[in-house]
Amino acid sequence: MKKTLLLAGAAIVAIGAGAAWIATRPAMDAPAPTGIAILDADKIEVGRYVLPPDKDILSQPNADEILYGKRLLADTKRLLPDHVGAQMNCNSCHMLDGKIDAANGYINTANFYPRVMPRAAREVDLTGRINGCFQRSMNGTPLPKDGAEMKAMIAYMEWLRQGVDKEDRVDVVNAGVIDESLIPDPVNGQAVYAAKCAACHGANGDGTFDQFGDVIFPPLWGEGSFNIGAGMARTYKAAQFVKWAMPPAMHLTGQLGQGGVLSDQEAVDVSEYFTHMPRPDFAPKVNDWPNGNKPKDARY
Amino acid sequence: MRIAIYALLAGASALAVGWGTAISSQWWFAPKLTTEVDASDPDLIARGEYLARAGDCVACHTAPGGAPFAGGLGLQTPMGTIYATNITPDPETGIGSYDYGDFERAVRQGVRPDGAHLYPAMPYASYRVVSDEDMQALYAWFRSSVEPVRKENQPTTIPWPASLRWPLAWWNMLFSQPRDFTPPEGGDPVIARGAYLVEGLAHCGACHTPRGLAYEEKALSEDAGGSFLSGSVLEGWYAKNLRNEDTGLVTWSEEELATFLKTARNDRTAAFGSMSDVVEHSLQYLTDDDLTAIARYLKSLKPRAGREQWVPQEDVTTAALRAGDFSAPGALTYVEHCTACHRLDGMGAPEVYPALKGNSMVFADDPSSLIQVTMAGGRMPDTPAHPMAFTMPGFAHLTNADLAELMTFIRNSWGNHASSVAEADIARMRHEIANKPTHYAPEAGQ
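Just so you know, the protein sequences line up as chains A and B, in that order. Take 1 as the starting number for the first sequence in full-length UniProt numbering and just add one per residue. Take 1 as the starting number for the second sequence in full-length UniProt numbering and just add one per residue.
Just so you know, these hints were derived from the structure itself, not from any lab. The structure displayed is predicted, hence computed values, not measured ones. Some clues are possibly wrong.
Heads up, simulated SDA-like pairs for lysine to any residue below, C-alpha to C-alpha not over 25 Å straight-line [as the list claims (entries may be wrong)]:
hint, chain 1, residue 1, chain 2, residue 2
1, A, 55, B, 320
2, A, 55, B, 316
3, A, 145, A, 135
4, A, 99, A, 48
5, A, 55, B, 394
6, A, 55, B, 331
7, B, 436, A, 253
Restraint-style ranges between C-beta atoms, simulated for each label pair [unchecked claim]:
hint, chain 1, residue 1, chain 2, residue 2, range
8, B, 315, A, 61, 32 to 40 Å
9, B, 314, A, 64, 36 to 44 Å
10, A, 214, B, 308, 17 to 25 Å
11, A, 286, B, 327, 42 to 50 Å
12, A, 17, B, 187, 53 to 61 Å
13, A, 148, B, 315, 51 to 59 Å
14, A, 162, B, 214, 50 to 58 Å
15, B, 131, A, 17, 24 to 32 Å
Rough simulated footprint, nothing fancy, chain B against chain A, three-plus residues with beta-carbon under 8 Å [stated by the list, open to error]:
hint, stretch
16, 28–42
17, 144–157
18, 238–249
19, 252–259
20, 278–292
Where is the CB? At the ideal position from N, CA and C, for every residue including glycine.
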């Protein structure tokens, strides 16, 4: 009898100890982010940049303006149909609201302009840069420079800067490196397109649309695509993006699990293929690179 | 003193009788089969290969990166890890010395030629219903066509005395009685074929049927209580409810189900976790007729009382998010991390990114799979049906608080309705993910 009691007691203690262990083991949570180095003009680290969660926008004095800017960047075609000719959003190229390394991020954008740009051969400010996108990549018309939309987009980029000093840079790149000495083979590019791109962008490059007719995956050529004046129309510039930002959803890590699937040669081949498919013209192209020094993959 | 001696003697004889009963039990029901199988018959071999695919033998009996069927995959149980064995026809370390009777006894009865019992991690309780003809075909294929590999088996990490094999005879008498396949009522041959595959070789219940205290599947075929294939948690994944009811498959059509089994995706969802492996190694190779049979059988599993339909609530989320109203808890985190693929309308991109709206994995009774795939990511398998297979990255870098709020949002938006997810659920999953079993058994002698 005593033994039975003892055994029962031991069993209860054992179960209790197990439950207590589970209840008291240290709760695991996400480690604090380590951030990205902030570099000064001499590439010396002067601090760490931590990507801010969007929830932090809510505590900003101009929260509504920043959120509006974020929405415009993500849903540009739907929200600004008069200014966007192509079936594209800013996020189509500046992926995930400009928060990703090597996918044309906005983290340093507000600090980068104004600046003398080689294509224009004059100083371009941020409004000018954004409107360049609207006229080329979006195949549309510029926004009023002091309108609410332009201000909201810039407010978002200013917020994303997180107070990094004007002359400093967060250690991210707009685009990854590609070997520009490679000779493109558009025939292989067509095969790469069919194997690795068509599932989303369509067998005919005409994109994919949702139940509202809004773009899911943008058209890569044809009337709905970016025009010939866009940076993305250049083989090696496109190849940088294709290699390091495309396709998304390939890996278990990374914000979008993006990129790193194609070899440099494949990226160059497929970029040659799709950039040279028919697409809208850009009449003001005659004003580009007025001082020469045209890059070798310029389209005109 | 005398009482103590009597008690000791009584205990010892009870143990002896128990042990004797257990080790002799394998001879009670049927003698070892003496059927001669022609392992050179090409038709038999071809059918055996197909059936081995249906049984997904390769999934467990192959370590990642290891030789096919040479064993080594670790299966996590509450008590320790069990390693799948070498079932290549190597005479010393594999099953090369098995005659057909030995093979049949191992696969359908869970007993090795030396009389030792297999751990029921091997789904022999399901394989009980496999027909003699199919068993013979399997034997012919394994004997003739699998490359023999010399590789010792890896001992289990389950501690003694739980690792003892002879008490499993008692387990078998309770939970794995000899039985023949009984077709479901109604006489539909397609449904009967589906039931035969689901209950038997495909052993769907190993993951999808809840288990009892002795780790037994609560039902091995359709049961009155409806526990068969009603969903179960294994290795931190919730293998979803497959019954034709609310959070099960009532919202799936037979065609959607068959497409999913063949290609690991359809317009609303995609496979991930263990199911991705099942499609990759097994289901994609089945004939369309067999997949339709499986789908039709699953759709014939009756709903439990009061769970006949799943009615979505009104979708107020799509319009709110499209209008920039991110005020719902979790909405802004969703828009930040998820909309790039799953979209403001929760519809994803058909056959590329799964929908969250109306996806019964999302509003499942148990959110474990949603939690784990969100934190650890998941991949679709490659199948010939699609040129590209996609991978969801993991979001374990978000805090428990953000993840709990986010998943509660996903489970209750676009008309979905389900229980909320707590921070403790996320913390628990972090432990689960950190303690995954190592699936690799080193080669003998290393």
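Results for each hint:
1. A:55 - B:320: holds (17 Å)
2. A:55 - B:316: holds (21 Å)
3. A:145 - A:135: holds (14 Å)
4. A:99 - A:48: holds (15 Å)
5. A:55 - B:394: OK: residue 55 (chain A) and residue 394 (chain B) at ~20 Å, within 25 Å.
6. A:55 - B:331: holds (10 Å)
7. B:436 - A:253: Holds: residue 436 (chain B) and residue 253 (chain A) sit about 18 Å apart, inside 25 Å.
8. B:315 - A:61: 32 to 40 Å: holds (33 Å)
9. B:314 - A:64: 36 to 44 Å: violated (27 Å)
10. A:214 - B:308: 17 to 25 Å: violated (36 Å)
11. A:286 - B:327: 42 to 50 Å: Distance hint for residue 286 (chain A), residue 327 (chain B) holds at roughly 49 Å.
12. A:17 - B:187: 53 to 61 Å: Check passed, 55 Å falls within 53 to 61 Å.
13. A:148 - B:315: 51 to 59 Å: Because 30 Å falls outside the window, the suggested range is violated.
14. A:162 - B:214: 50 to 58 Å: Since the Cβ atoms of residue 162 (chain A) and residue 214 (chain B) sit about 57 Å apart, the hinted range of 50 to 58 Å holds.
15. B:131 - A:17: 24 to 32 Å: violated (49 Å)
16. 28–42: holds (count 5)
17. 144–157: Coverage by chain B is violated for the stretch 144–157 of chain A (0 residues, Cβ < 8 Å).
18. 238–249: holds (count 3)
19. 252–259: holds (count 6)
20. 278–292: violated (count 0)
Violation of the numbered hints given earlier is confined to hints 9, 10, 13, 15, 17 and 20; the remaining hints are satisfied by the structure.
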